[in-house]
Amino acid sequence: MSSVRPLPLILLLLAPGSRLPAQDQESWRDSVARLGSAVQALTDSLRTGDSTVVEVTRRGGTVLRASRDLQAAGAGAFDRFLAARQHWFGAALPSPGGFRILLRDYGDYGRPGPSRLPQTLELSGLPDRDDATRTFRGARQQVIGDPDSAAALLLFEYGKLMLATASPALVKWLAHPLPFELGEPERKLAAMYALVTGPGKAQRACVAGSLADCGYALGLGPAVSAEPGGGYVEFLRGDFLLSAIEMGGPDSWNRLRASTAPRIADQITELAGLPLDSLLAGWRHGLLAMRPQERPLTPGQAIVTALWGIILMAAAVGASRWV
Amino acid sequence: MLKAMIRIQWKACWHVVSALAAAALALPIVSVRLGWNGAVNLPFYLTQLQLWGLLYPGLALVAAIALAVAAWISDRRGQHVYALLLPVPRGRYVLLRYAAGLAMTVPIVASLWVGALLATATLDLPPGLRVFPHAIALKFALTLVVLFGFAFAAAAASRRALGYAFRAVGLFVAIHVAVLLLSPQTNLIGSVVGVLTTWPGPLAPLGGRWMLIDV
Chain P
1 MSSVRPLPLI
11 LLLLAPGSRL
21 PAQDQESWRD
31 SVARLGSAVQ
41 ALTDSLRTGD
51 STVVEVTRRG
61 GTVLRASRDL
71 QAAGAGAFDR
81 FLAARQHWFG
91 AALPSPGGFR
101 ILLRDYGDYG
111 RPGPSRLPQT
121 LELSGLPDRD
131 DATRTFRGAR
141 QQVIGDPDSA
151 AALLLFEYGK
161 LMLATASPAL
171 VKWLAHPLPF
181 ELGEPERKLA
191 AMYALVTGPG
201 KAQRACVAGS
211 LADCGYALGL
221 GPAVSAEPGG
231 GYVEFLRGDF
241 LLSAIEMGGP
251 DSWNRLRAST
261 APRIADQITE
271 LAGLPLDSLL
281 AGWRHGLLAM
291 RPQERPLTPG
301 QAIVTALWGI
311 ILMAAAVGAS
321 RWV
Chain X
1 MLKAMIRIQW
11 KACWHVVSAL
21 AAAALALPIV
31 SVRLGWNGAV
41 NLPFYLTQLQ
51 LWGLLYPGLA
61 LVAAIALAVA
71 AWISDRRGQH
81 VYALLLPVPR
91 GRYVLLRYAA
101 GLAMTVPIVA
111 SLWVGALLAT
121 ATLDLPPGLR
131 VFPHAIALKF
141 ALTLVVLFGF
151 AFAAAAASRR
161 ALGYAFRAVG
171 LFVAIHVAVL
181 LLSPQTNLIG
191 SVVGVLTTWP
201 GPLAPLGGRW
211 MLIDV
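These protein sequences, in sequence, are chains P and X. When you line the first sequence up against our numbering, it's residues 1 to 323, in that order. When you line the second sequence up against our numbering, it's residues 1 to 215, in that order.
Quick caveat, the hints were computed from the structure, so don't treat them as lab data. Since we're looking at a predicted model, the values are computed, not measured. Glycine residues also receive a C-beta, built at the ideal position from the N, C-alpha and C atoms.
Far from chain X by the CB rule (all over 12 Å, computed), these chain P residues:
| no. | residue |
| --- | --- |
| 1 | Gly-61 |
| 2 | Leu-82 |
| 3 | Leu-126 |
| 4 | Thr-135 |
| 5 | Gly-145 |
| 6 | Asp-266 |
| 7 | Gly-286 |
Quick list of the computed label-pair ranges, beta carbon to beta carbon:
| no. | chain 1 | residue 1 | chain 2 | residue 2 | range |
| --- | --- | --- | --- | --- | --- |
| 8 | P | Arg-80 | X | Gln-50 | 21 to 29 Å |
| 9 | X | Val-30 | P | Ala-314 | 35 to 43 Å |
| 10 | P | Leu-288 | X | Thr-198 | 23 to 31 Å |
| 11 | P | Ala-164 | X | Ser-191 | 53 to 61 Å |
| 12 | X | Phe-172 | P | Ala-83 | 39 to 47 Å |
| 13 | X | Gly-194 | P | Met-290 | 22 to 30 Å |
| 14 | X | Thr-47 | P | Ala-83 | 25 to 33 Å |
| 15 | X | Arg-7 | P | Ala-314 | 19 to 27 Å |
| 16 | X | Ile-8 | P | Met-290 | 46 to 54 Å |
| 17 | X | Ala-19 | P | Leu-288 | 42 to 50 Å |
Taking the hints into account, I'd like the entire structure generated from these sequences.
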């Protein structure tokens, strides 16, 4: 046996070789990332499950896609949503990677007549990367089929995404998502009733004009009297926060996110750029102004109505010439 | 003579008055009690109450027409012969009929007032809400008086007067259509309705707030 024959093998084993592509960790990482994107896309397509979902419109880095039956409603909801988002949140986004909100109606099977396929309304904020914040929600067809209610639902879900970027203390104080599901007039009306009908001592004092008691009742400050009673329902906190955002202007949300103040009252003050007393006074005044001023009857109206009764009686006498 | 007239009127339409009084008694009670679940969802409850409030002027309209028709139905059947035979001036006779008809509205208004008081008496309302049983009853009474006046005048009118009235209304509608064709923005009927239904117009009491409970 020749001693030279194992030599090429040994040389081959000892010779430094270049790494194979499959041994490159960076390419493994990229492969994993691509595989993850493909899985996410497949998951989304499975959730969508509707080959008729197409892009309906896009503007300013926001894209709306919808099933065939929802495209008209989606187009209407898109404009309303963009206007509302600009009003409440300005240019702030839930995350640098964008966002995606998926509303889905699950269709109608098993009943007599033709089945109704699931319908999807999907709103995406570009770049809509892998790190985009996403939310998915089922909704009735009557809701997502109407532009106003679909826009309100989109704004509600978007508010949840935005609220997730606020401080944990603020989220805990609010206790509920921002009350965007109600239209503004309905929300204000509900807030007015909640403000005016609060039974506690501090709540009554707030209606009477004590801003310190308003602050206590909203959970923003300490009690200023003995036995102040309970606070307002958390819904009013959401309404107050929205009122502060309106007073602060379109950049309010960015200021809120940038705030490092530990107290909620200070965060809201920084958000609006106004003192807390001014915010409370403006909010309270706005709600109390919504109280109906008209009463069932005033003395003047009673007199005028009685006079009309007499006039009509005289008219009856005059009209009754039977011959 | 007024007492006799009221007695005759009552004999002729006591069943109509009783039915309307029962409806007037039930309306405030049902509107307040139905849907009252404590102070759980006040805005929704008050919105419902506002919708129920539309039935108050509706009941007043039905009562006014029913009582006005009942006041004159026997005379119309007899072609007003009985009225003309009485040794009473025509104007006075009409006033007596009017007063008797007004007297028939008293049980209906009283029933509504009692119903409003009963409906709000035992409610545990949160502070900030107020009740208006007296104002609602008074508004209902005045609305009923005005509507009764309209219906009574129409029911008492002679055929000639009704003919003139219908011709006048027809002429006004024709003018309205002509003006509408010439100037689509001009709405004569809308203007007249607006004048009648806003203060101090006669039909203004039908509108406004009919809230038995309000903030």
